[in-house]
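S.K.: Can you build the whole structure from these sequences, using the hints too?
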Amino acid sequence: MNAVLVAGGGLAGAASALWLARAGVRVRLLERDLYPAHKICGEFLSWEAQVWLRDLGVDPARLGAVPIDRVRLVAGDCIAESRLGFTGQSVTRLRLDAALLEAARAAGVEVVRGCQVRSMEPDGTVLTSHGPQRPDLFVAATGKHALRGMPRSREGTIDHLLGFKTYFRLRPEERQALSGHVELILFRGGYAGLQLVEQEMANFCLLVSADRYFAAGGRFPGLVESLMAETPHLARRLAFAAPLLDRPLAISQVPYGYLWVHAAGHPANRYPVGDQASVIPSFTGDGMGLSLHGARLAVRAILTGAGPEAYARDLQRDVGPALRRASRLQAIIGEDPGRHLMVARLARLVPPLLTTGARLTRVSQGSVKALAGPGAPGAATARFA
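Going by this note's numbering, 780 is the number at position 245 of the sequence shown; the sequence numbering is gapless.
Wrong hints could be hidden among the right ones.
Unchecked claim - So the derived label-pair ranges between C-beta atoms look like this:
| hint | residue 1 | residue 2 | range |
| --- | --- | --- | --- |
| 1 | ASP604 | THR839 | 34 to 44 angstroms |
| 2 | ARG894 | LEU662 | 36 to 46 angstroms |
| 3 | ASP671 | GLU708 | 52 to 62 angstroms |
| 4 | ALA745 | LEU569 | 27 to 37 angstroms |
| 5 | PRO756 | ALA845 | 43 to 53 angstroms |
FYI, nobody ran anything at the bench for these hints, they're computed from the structure. Keep in mind the model is a prediction, meaning the values are calculated, not measured. Backbone N, C-alpha and C define an ideal beta-carbon position, used for all residues, glycine too.
M.R.: This is the structure we're talking about:
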């Protein structure tokens, strides 16, 4: 194997490059941003994500990550709360991606910043802003954005929602009340996640229907005001909160529920990872865990010569069950306030339902342990409490 080209320096791309480089493979990684940048992400690291980060030699706690071990579900004036069943961590992608890219560079990866991958051509040529390249193997890790030449099927996915992400500095009493919790806030037309990240910032990430967004004037501040008017809990949290970004990050047409399938005639040198391979509904908080697990599966298929077809089967086995259960849960929750209130009241009556939901929308402990092997840091201790 002469060279592997990785498109994208986010979580899955940097992890794939780092694992390959440690195995002695020559890797070039192309990252479009010249400098570390924020990403649209809930920034929640579940237990399996932490296993893989320890294996990569990156400690989120040293980056300032905050622990989270409880979940709150909010619908209107109804609030349900439970333990997650594990201790998660929350850290900004700005810090985490930069740490992973630096570790990859230190391991021998050629990191090229400011280079945009534009398309994958049928003959295997990768067109970039720095000219065409012909790698032996290509790892597509371009995140939530589609890559021309490697389309993702939208059939059966939830792709009509607009995504936004920003940070707030909450009042001290609200930071204290939020500490240790991830809050899932349901509202007409969508849902939002709220949690603390490093430096006591609050990550506010949401998905909303276009109808709801434009009914609020088609502007993010107007949308937030309308959500606060609908949800007293959110109104308390964000009262007098200071926005920390000049404007929110935004994205659309993300196919939530998508899982890559190897089709007949699929080139034998292309491996989609991260959101190019699987996109779990974001309310689960397991997007980063699935990205890392999928990247590890792709690296194993590359190093063993098993190929992309075997990688696709492994994805279906390990990632498929959690992704399908999460998609069904999102369909059950829906976008109607009446249904939201019914779900929240049921969770308040039976709090363990929230813990069960967290467990069922993650890669199983057995799959992580089988892939990590007995020598991987944290593989033997990762479990639900």
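S.K.: None of the hints should be skipped; say for each whether it holds.
M.R.: Status of the hints after comparison with the structure:
1. ASP604 x THR839: 34 to 44 angstroms: holds (37 angstroms)
2. ARG894 x LEU662: 36 to 46 angstroms: holds (43 angstroms)
3. ASP671 x GLU708: 52 to 62 angstroms: holds (57 angstroms)
4. ALA745 x LEU569: 27 to 37 angstroms: holds (32 angstroms)
5. PRO756 x ALA845: 43 to 53 angstroms: holds (49 angstroms)
Every hint from the earlier list agrees with this structure, and none is contradicted.
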